[in-house]
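Asks: Single-letter residue listing:
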Amino acid sequence: MKLPRLFTKRRHWSIPYAIFLFIFVALPLLLIVVYAFQDSEGNFTFSNFTRFITNQESANTFVYSIGIAIITTLLCILFGYPAAYILSRKDLCRSSVMVLLFILPMWINILVRTLATVALFDFLHLPLGEGALIFGMVYNFLPFMIYPIYNTLQKMDYNYIEAAQDLGASPIKVFSKVVFPLSIPGITSGIMMVFMPTISTFAISELLTMNNIKLFGTVVQENINNGMWNYGAALSLIMLLIILATELFNDGEDRVSNEGGII
Amino acid sequence: MNESNFIIELKHISKSFGDKVVLDDVSLFVEQGEFVTILGPSGCGKTTLLRILAGFGMADEGEIRIEGKEITDTPPHLRPLNTVFQRYALFPHLNVYDNVAFGLKLKGVKKDEIDERVNKALKMVGMTDYEWRDVNSLSGGQQQRVAIARAIINRPKVLLLDEPLAALDLKMRKDMQMELKQMHKTLGITFVYVTHDQEEALTLSDRIVVMNEGKVQQIGTPTDIYNEPVNSFVADFIGESNIMNGTMIKDKLVSFMGNECECVDVGFGENVPVDVVLRPEDLILSAKTEGFPFQGTVQSCIFKGVHYEMIITTTTGYEIIAQNYKPFEVGTLIGIDIEPSNIQVMKKERLFNTFEGEMIDSTHVKMLGDEFVCNAVPNVEGGEKVTVKVDFDKVDLQDNKEDGTIVGSVHFILYKCDRYHLTVHTEDGENIYVDTHDVWDDCDIVGVRIDPDDIQITLE
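As you go down the protein sequences, you meet chains A and B in turn. Numbered according to my numbering, the first sequence spans residues 1 to 263. Numbered according to my numbering, the second sequence spans residues 264 to 723.
For reference, chain A alone in the conformation it holds in the complex (with noise of 0.2 Å):
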């Protein structure tokens, strides 16, 4: 019996996986581009975005949640750097397990997570607010950055740190001049899992400080809850152009040196 042609051309194979973008990826983006534009009678408008501008209080939720952005990658990468660079080092770390331990918090819920932090901190009787907004962030992106180093690091051909051992570079030397420029496409690729997810968190900044502190995901979120579709779908916007906009930042570095990297 003959195939219908349909499923015997390979390229065919990928016609679900189309359909399936375009459902749940394309067609959404394309609503938010729409409603973005759209004020809530359906008339084009470009009075979402004046909103923005103006609004005093949007704008310093937008800045206040790059800042908390920022500071949680950069804690990231303090406190992910080393751990990844003890894990590759098989003299520093024997198990595999260790790997794991590290990596394990990756594949449990978010939410699961953050709920788990307020419970401690009430446990502790810490205040919630946003030195515990920034605890959980780091928390919870920490593998994030951890993945994409270790994967560099451990990847790293031995010979090149051999190689400048040999040309006379100390452990400290080898590491600043060797190591660490080698291991950056892991650190880039790591900015990107943290800076960007943190930008849109909501779920970790309402838990965590009991609602007091907003960000510009929590902002996105509540527009949308309250039926205000449009002006939520412009602040979704702006989001995703300034996402976009490191996304293309980190391209041009990353084809430089492509290697070990995650994304």
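Since the hints were derived computationally from the structure, they do not count as laboratory data. One or more of the hints may lead you astray.
Subject to a maximum C-alpha distance of 20 Å in a straight line, what follows is the list of computed SDA-like cross-link-like pairs (lysine to any residue) [as the list claims (entries may be wrong)]:
| hint | chain 1 | residue 1 | chain 2 | residue 2 |
| --- | --- | --- | --- | --- |
| 1 | B | Lys444 | B | Ala429 |
| 2 | A | Lys173 | B | Pro343 |
| 3 | A | Lys155 | B | Pro355 |
| 4 | A | Lys177 | B | Ile377 |
| 5 | A | Lys155 | B | Phe354 |
| 6 | A | Lys155 | B | Leu357 |
| 7 | B | Lys368 | A | Val179 |
| 8 | B | Lys368 | A | Ile161 |
| 9 | B | Lys515 | B | Gln480 |
| 10 | B | Lys589 | B | Thr626 |
| 11 | B | Lys368 | A | Lys90 |
| 12 | A | Lys90 | B | Met321 |
| 13 | A | Lys155 | A | Val174 |
| 14 | A | Lys177 | B | Phe354 |
| 15 | B | Lys611 | B | Gly530 |
Got chain A sorted already, so can you dock chain B onto it with the hints?
Replies: Below, chain B without anything else, positioned relative to chain A:
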């Protein structure tokens, strides 16, 4: 006071990885300005030795000195030597200039001087005008040149080269060999070169160190090594050769291939089994057969450019390889002779297998990690330590590993013109030496059987 003139002294270096002995009591002395090549098949320990010298691995035992100063425990960055790595190991995040300048920048040399020395080093390796190129955009040969420049710019006392030409194509390799030789002359630095390519070693070196199985087999000039190999391994590894069993009848008289020949070797004793090596180019071939000590039929004749290479079966049943400027037709009977001085006689490393064993009862002996049935030994209760002797041709190899008492893998195959001499590694890490007419391949897994009649037991 410095007693020796040696720039490098390696004394009794041993190294094991787990159970596997990689270097077994290796000693090596290198003079200032020498070009020394460490030559051996893969896994012979040559790279490990170089790494120990460079400081990337520590020896379990032994002592390393450079210019009389002990550096056994010195970390690599404080050793006065530089390495050219097999796969170049150029830093991918730096361009050619920064790669070459890496060592000087670390030492805090002034910028003007760095500029000058980088230019000089790049000129030396023929890479001027490549300073600002990305190293990934260079070809293999160019990368290797940069790697050499990066190493010599530091003016090391010794330059270590770990198979630096292995990844290059033949033409490029030949060119680079000449350049390296030239560079060695100009720089006056001591070169320690590691390779598995015997031709490269013969071309480049002042002295060659032949290694196998973690041991130094022979140290000597290329001519020495080629003309006077000390054992069948060296003879087989360096150049083409016919190696066969022979008997030293008395001084200056040796018997092989079914005839007796005059030779120049003395001091072996009388009627002693030896290995005889005949280089293919030393065989004198003639269309006449009368008056020649050996006769043989030409089996094949291949033109090799300069000479013809022929495989000849002698009337006494030996298959030998010969090189001659004149071809002989396949199937013709020809006469073969050899000059006495071209017959290389070597002492045999061993005449039979010797194993340590322990009696289990009067008809069973435990050796090579298993129980073997043997002929009844009188007055034995079990537990006695014994020495077991087995002749090379009495070891039976089986295709099917279940058919053998123990399992081994064929490791080193030496063709001895009328038989193969194999080294079989047992799972216990012991070696069994086997003479056979059957063809086996390297790494074949075989079952090993020994007939009870052939197990000769001596009580200790």
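Asks: Compare the structure with each hint and give your call.
Replies: Against the structure, the hints come out as follows:
In summary, the hint linking B/Lys444 to B/Ala429 is supported, as the alpha carbons are separated by about 16 Å, within the 20 Å threshold. Distance hint between A/Lys173 and B/Pro343 is fulfilled; the C-alpha atoms sit about 18 Å from each other, no more than 20 Å. This hinted pair checks out: A/Lys155 and B/Pro355 have alpha carbons roughly 14 Å apart, not beyond 20 Å. At most 20 Å may separate the alpha-carbon atoms for a hinted pair to count; A/Lys177 and B/Ile377 meet this at roughly 17 Å.
Pair hint A/Lys155 plus B/Phe354 holds up; C-alpha atoms about 15 Å apart against a cutoff of 20 Å. With a C-alpha separation of about 18 Å, the suggested pair A/Lys155 and B/Leu357 falls inside the 20 Å cut-off, and the hint holds. Distance check on the hinted pair: B/Lys368 and A/Val179 sit about 17 Å apart at the alpha-carbon level, within 20 Å; holds. Of the pairs offered as hints, the one joining B/Lys368 and A/Ile161 holds, with about 16 Å between alpha carbons and a cut-off of 20 Å not exceeded.
Annotation: proposed proximity of B/Lys515 to B/Gln480 is violated, straight-line Cα distance about 25 Å (limit 20 Å). Between B/Lys589 and B/Thr626, the direct Cα distance comes to roughly 60 Å. Violation of the 20 Å bound is thereby established for this hinted pair. For a cut-off of 20 Å, the pair hint linking B/Lys368 to A/Lys90 is broken: about 29 Å separates their Cα positions. With a C-alpha separation of about 17 Å, the suggested pair A/Lys90 and B/Met321 falls inside the 20 Å cut-off, and the hint holds.
At roughly 16 Å between alpha-carbon atoms, A/Lys155 and A/Val174 fall within 20 Å of each other, so this suggested pair holds. The hinted pair formed by A/Lys177 and B/Phe354 meets the criterion: a straight-line CA distance of about 10 Å does not exceed 20 Å. In summary, the hint linking B/Lys611 to B/Gly530 is supported, as the alpha carbons are separated by about 14 Å, within the 20 Å threshold.
This entry does not satisfy hints 9, 10 and 11, going by the numbered hints stated previously.
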